[in-house]
Structure formats: C-alpha cells, structure tokens
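**Student:** For the protein sequence lines, the chains are A and B, in the order given.
Residue 370 in the working numbering sits at position 370 of the first sequence, with consecutive numbering throughout.
Residue 630 in the working numbering sits at position 124 of the second sequence, with consecutive numbering throughout.
Calculated directly from the structure, the hints in this document are not laboratory data.
Treat the hints with care, as some may be off.
[Said to hold, decoys possible] Using 20 Å as the maximum straight-line C-alpha spacing, the simulated EDC-like pairs for lysine to aspartate or glutamate come out as follows:
1. Lys-323/A with Glu-361/A
2. Lys-495/A with Glu-809/B
3. Lys-472/A with Glu-618/B
4. Lys-487/A with Asp-799/B
5. Lys-520/B with Asp-483/A
6. Lys-464/A with Glu-333/A
7. Lys-187/A with Glu-383/A
8. Lys-487/A with Glu-539/B
9. Lys-472/A with Asp-492/A
10. Lys-465/A with Asp-658/B
11. Lys-476/A with Glu-597/B
12. Lys-570/B with Glu-554/B
13. Lys-305/A with Glu-231/A
14. Lys-603/B with Asp-483/A
15. Lys-476/A with Glu-618/B
16. Lys-215/A with Glu-361/A
17. Lys-401/A with Glu-333/A
18. Lys-50/A with Glu-229/A
19. Lys-193/A with Asp-382/A
20. Lys-472/A with Glu-554/B
21. Lys-364/A with Asp-431/A
22. Lys-489/A with Glu-539/B
23. Lys-528/B with Asp-483/A
24. Lys-187/A with Asp-382/A
25. Lys-418/A with Asp-431/A
26. Lys-835/B with Asp-821/B
27. Lys-498/A with Glu-539/B
28. Lys-801/B with Glu-716/B
29. Lys-476/A with Glu-494/A
30. Lys-476/A with Asp-799/B
31. Lys-706/B with Glu-716/B
32. Lys-73/A with Asp-158/A
33. Lys-522/B with Asp-483/A
34. Lys-528/B with Asp-382/A
35. Lys-476/A with Glu-539/B
36. Lys-865/B with Asp-799/B
37. Lys-418/A with Glu-231/A
38. Lys-489/A with Glu-597/B
39. Lys-528/B with Glu-597/B
40. Lys-472/A with Asp-799/B
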Amino acid sequence: MAQQTFQEISASDFFYRNRDIAGFTNPTRAIFATIRELVENSLDAAETIKVLPDVYVRLSFAKVGNQESQVFKLRVEDNGAGILPKHIPSAFGQVLYGSKYTLKQQRGTFGLGGKMAILYGQITTHQPAHVTSSTGTAKIYSFKLMMDIQKNRPIILDRRVSTNKGQWRGTIVEFCLEGDYLRAKPKVLEYFKQTAMVNPYANLTFVDPKGRLYKFTRGTTSMPDPPKETEPHPYGVDVELLQRLIQVTPYKNMLEFLKNEFHRVGEITAQKFLAFSNLSPRKNPKRLSHAELVSLMQNLKKFEKFLPPDSSCLSPLGEDLLKAGILKELKPEFLVVHQRKPSTYAGHPFIIETAIAYGGEIPKKNNFVIYRFANKIPLLYDEASDVSYRVINSMNWSRYKVTQDMPIAIVVHICSTKVPYKTVGKEFIADRPEVRREIANELRGVARKLQHFLSRRAHVNKEKKKFSVFIKYLPKIAQFSTDLAGKEKIPDIEKLLKSVRKFGIE
Amino acid sequence: MGSNKKERIVGNKKSKVLSSLKNLGSRVYNQLENGFFPSITMPSRSTENINYDPDLRQYILGEKIVLRNSRIFTQTRGFTQLVWAATFSHELASQRKTSTLRDVYYSAQAYEMVFKDQQESNNIITDLETVLGLSREDFNIFPEERSAVFGDLTIAYTVPGYEGRTLNLTSHPDGVLIGPALTSAEFVGTTADKVIAIEKGGLFTRFVEENVHKKFNALLISTAGQAPRATRHFIRRLNREFNLPVYIFTDGDPWGMHIAMVIISGSANAAHLRELTTPDAKWMGVWASDIVDYKLPTYPLKEVDFTRLHELQRDPRYQTDPLWQKEIKTFLKIRKKAEQEAFSRYGLTYIVDEYLPAKLGETK
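Same shape as in the complex, but just chain A (with noise of 0.2 Å):
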C-alpha cells in the first residue's frame, strides 16, 4: 500500500499530509520534534569526520501570536562535515533525498528528519529556511529556500558565496517555525540532558526564547569510532528495498547483484542462493517481475545459510563513555555500566549496553527513573510501551535486594542499523523477542554488580555504625572505670579503637 501511495503523490506531500507520523503531531510536539532532528543532524554531521561535536541552538520569538502557538525563529549551527553547495539545496529541500542505498547506524533513520522539521517551518510560517555550509574551503555557501511540496523539489530564491577566512566549517540552518514552547520547554530541557548523557563528547548550548542558556559542557575529548557503511543483510530486505536497490544497482546479473549489493554474501552464497530460489545467475535484476520481486523477498528470508551480520556497521557508545556521560549528567554514588555482544534480529545487528546507576542525583521517587537511548538519541515519549521498560517492569528486582523506592536510574541503549522503532515518530523500541532477551540478560548481568555494591555498601555501614558505637562508648568507660578504680591516670584507648577500624571506614 506504501508502495502505491508513493507512485501516486510525491513523498514530501505524503509527509505533509502524514505530519503525525513523524511526530509533529501538535505545536508542543513540533518545537520538540524539530529542535531534536536538527541537533541529531548535526551530530552525525561532526561525528562522520571525527570532530567533537559543537552544537548551538538557539530559539527566539519571531513574531508574537497567541497563547498556545507563536512563531519562533530556529538557529542550529554546528561545526560538522559541511555540506558541498551542490547537495544543499536537495539536502534540505528534498523529502527522501539519496544518492546510494546503504546502511550505516545513524541517529535519523528515515532521512527525512530534517526536511520534515523545514517542512513542517514552511508549512506553518510561509517563510523560507536559511542554510549557509561550509566544507571547510576557502568558500561560505549560503541558501535560501523553500520546498516544492507538489513536485518534491527545492526551490532556490537566494544563492550567496562569501569568503571562509577564518577555515570555518560547518553548517548552520536557521528558519521559522510555529510552535508552543512553554510546554515543549520541560522535554527540549530534558532532551539536550539525555543527549549530553549518551553523547559526552558533545559540547552542546541552547538558547532559549527569554534568552536563557542552558550549557552541556563535554566531560571527554574521546569519541566512539564512527559507523562504516554497509550493505543490507539478506534477511533485512523487504520488497521497497530491493526495488530500490536494483534501480541504483550498475550490475546487470543477478550473481553480481547479490554478491557486491548484499551484507556477508560471496560468489558461492550466491550461487547456492540462486539455485534454492531458481532463478538464473545471468539475468538482469532489473528485469524481474513484480511477482518475481516478492518471490524473491521471500526467499532471501527462508535461505538459511546467509551469515549472520557482523557489527562492524554499528558505533556503540562503548563503556567508558556511557560511563562519562551518566557521571556528568546524574553524579551518581555507584556506576555500572556494560555493552552486550552484538546480535541481530531480521538480519539487522544490534548491541545492547546498560547502566545501572545508584544515588547522587537521581531522585527516589516511587519508580526507577528510566532512561532510554537508540543510536545515541534520547526516547522521551510512550515510556510505557517500550520493550526497556516492559523487561524493567517484568524482573524480579528482590532478587537483587532493589526495590522500586531506591535511587536507581536505569540506562537501555540500542545500537542498530534499524532500531526497531514501533514508529515514525522514533518513540519507543517495540517488542522484539531478540531484542527483549538481550535487554534482559543484560539487565540482569548489571543488576547483579549493583547487588554487591548495595550489599558490599550495607556492609560497610554496619562496619562504620559498630565503630561509631566504639567511638562514642569505649572512652566513656575509659573514664568511668578510672574514676570507679580511683585512678590518675586514664587508659590510652587509640590502639583499641584501631584495631576494630575496619578497612573502607574513614
């Protein structure tokens, strides 16, 4: 049915008139929404080129409207890869705009986030979005532009070129939006919290609109290594896919298709492929039916002799830094911090890594505070239906001496090439049987080491209340027994009081 739709309207109109999907669902939900795709851009931007990230963003009153909407003006700048002047106007002007189908974890899944942020300004406000980039040349390129909803195509109305003298590089996006800020206020806060935590190489600063600044400051200059591009894995096709991939495809037989546009697959994969799905190594993909299409769909699910994934196309956060960026952003007392082996479902590589922290400024509330990440992006929304947060709810947390009362957060990040989001909208991670038990097995791993840390703590208070008792009592009979004795001299206690100080007591 997608497929239809696409042949029908262009793919910005199909987002223009499925807003809701992509989570611009309201003017609470778009100021969220569009500051988050724009910083996540810009992440991926500077994370490409190994750059730790700078990101500004800075929101003010355009012009004032009523109570529940006004119009903000939106001014994200980054200090990433820049963008080469022939790719801006596509790049922010183009719904789904691609030059080659490969698959690298990345936080924005659809491609469309920040165009749908622009869109949804151009749709709201009538007014253009500003785009000035630069790849680091002796040349600044400015744009501005609007979206050609219809025809899915950029319109260009200004093109300025200034000299870089200071090597600047970089991309900045600045356009109008409609929006409530008051009420997107406790989220966008939230997010760029969340986003320092899973991204602590981060610098990152916003402005709002009474002129506040919140300030991320990054606690380390180390970086993840960056994600290598891939193919697909066989299993993760479906029929849009492999469309796709056979319009860009330069091979011309179905042998060398398979072998150079798929993940893990070789000359004798192939062949073994093809002669279980009969279908001629010689022939040209480009020529297969449309029945011929979903056979072949199906059948690269049923062979079971594709290797699994491997992980080399994820970036995890990797332990030291997720343990970097919850110590910054929660302080806590106790830390521990794990990233699983990578596994996959429907051919799709994840890794799984977790964290348990205990105390400092994680409040006690009734719950444990939760907090979710995919491909270093925050999940703010639908809590609840998330497969994190089910797990979470399901284990037997007594069993780790835990109860719900304590100061616990709890940290769920998932790595893949296609997080399995529930929806457009990127909200919450569904119910993948993988997925759930690697989440639980991992759980339940951190959740043993901070038993012993609870245990080896409660310990170690006992240890400290005995010697405070010590501490308090043995003098007072030191001077009683002297008194009662009718001595002069009192006994010296300091060896005594030693030799009951336990080590891990001050």
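Got chain A; can you put chain B on it based on the hints?
**Tutor:** Just chain B now, with coordinates in the frame of chain A:
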C-alpha cells in the same frame, strides 16, 4: 555493748559495698590498661538458670555464666551503662546519699549516658546487683517508699545528720516509712515478741487503732501489696536479730497467698540476691478454709485467679509446707475468694478480738 558490734557490722557492710564497686572499676581499668576490650562475667538470670534451692528455701541462680563484652558492639552501650551505674553507685554510697530508680534514669543524662527508657536503666541496676551479688539498696538506690512499720522498736539512725539519733517506732500512729533511713538504721531494742505483716494499709491502720501491737505484743508492718525488697530485708532482720516470729496476713486469694510467699521464700526476679527472705515466716490468713469456717462474704474466682492457682500449685516454693497445697485445693474447690476487710461483717473489732487470737494460736 551490742550496739557497738552492730555498728561495726553496718560499717563493714558499707565498706564491703564500696570495695566491691571499686574492684569492679579496677577490673575494667586493668583490662583497658592491658590493651583489651573490657568484659565482665555474671551469673545468667535467664529462666533456665533460676533454680529453687530447698536448703536456702529460695530461688538461686545456677551455674550458667554470661559475659558482657564491650568488644561486641551490640553490648558496648550496655557495658558502658553498667560501668557508669557502678561509678554512680559508688559516688552515692561514699557520699552517703540515696537515689531511686527513677532518679538513676535521669542522673545518667548528666553524664551524657542516655537510657532508652526506665526499663533499660532498671535492667542495668539489676545487672549491677548480679555482678556484685548485692542488692541495690546496698548501694543506696531505693524504690519509692510505701510500706511502713509501727510498734515498740527503737532504732538508731546511721544516715548523715542523724547519726546516733534514736526513734521509737510507736511515736507516729501512721507508722514510719521503711525508706533508706530506716533500712540503714541499727536496731537498738524491742519489747515485741512477734511481727505481723499486713497486706493492706487500711487494715494496718485499724490494727494500730485497735492497739493490736499492745494486745498481741507485736510489731506491725504494712507491706502495701507486694512487699518491697527493703521491707522484705527489714522483716528478715527483725526475724534474725531479735528471733521474732513473723506472721503474714493477706487477702484470701492466690495473689495474697503469693505476697506471703515472696516474703517467706523470695521471688525469681531476686534470685541473684540473698538476705531478702524470711523462711520461717508464717502465712496466717486469710486462708481458703477461713472463708469456709468464718462464712466470709466472697467473690467468685475469675479465670486469671484459676490460672494463677494452677501455676502456684506447680511452683517449687509451694511444695515445702502441706498447708499451701491444701489451701490451693480448697480455693479450687470453693471457687471463691475473700478480702481481709470481709471480717467487718461481724463488726469492726471482730477481726482483732476473735480472728487474730484464733489464728495466732493456730499458726504457732
């Protein structure tokens, strides 16, 4: 001549108390000096270590010993309290001041020794008694006084300010409180030839009014319910020092019977102490059989009364004299009890004119 000897005994007792306390202090002090966490041993007061001694005719503590060790952090606080209590008692005794259990509880706070509650401080005092084998009255901690004595007994005070002053206990018709001053006094002389201890203050007053002390040549003691330890010790002294027979007159119910028993054979709670019992004292009434014989007005026995009677039936102290078992059985049979005042149905003086002479004759 006799008075001199007694003075020496009292003086000896006092210096014995002071030196026991001081010894305790030295024991703790030396352990600290030698680099040990101090500890103190004492006989266990747990129920399985309380045995009835048929020779002493009272409860005593068995062989089991407990250790109070300051090294064990749950005992450190209690140990400190014990040493404090010893120090405080030593101070009281050497300055010849007295105190009450309530007073001890509050005094502790002046030494930054806080007791959780009165019970905790009482327990510590009992511990101290057990460690030293002395009763708290010996180190000048007294209960609230409520029992009294009346009759021809002359005493000489030893308390500061009154040393050597004498008093005849007929001098005040309400009786003289058996408090610290009387407890520590020496007995100078008496013309009485018996002691009558009475459970109830009202009847004690009646006896004084009716000149029972003259008519029967007796010293009268009001126990005011269960006799305090000072009173039990006082009764024992009268019995020992003057060889006076002791008669105990209580209500005709299991509770009254037991008031008499505690004076005679002591209580399990005081198993760590001596010199509080008067094994030769007699319970003269009101017996269950008196209820029948004198046709006294009665109340039916309640459930608790029956329970108590069954307990007493098994109690080793009640095995000594067949009288006890006989009276318990009678109570159980008639299912009734009577108070001392019940005799008033025959007129105010009946009890003195008829009952007392008959019973004194009977119990002799």
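**Student:** Going through the numbered hints above, which ones does this structure break? Give me the numbers in ascending order.
**Tutor:** Violated hints: 2, 4, 10, 20, 21, 28, 30, 34 and 40; rest satisfied.
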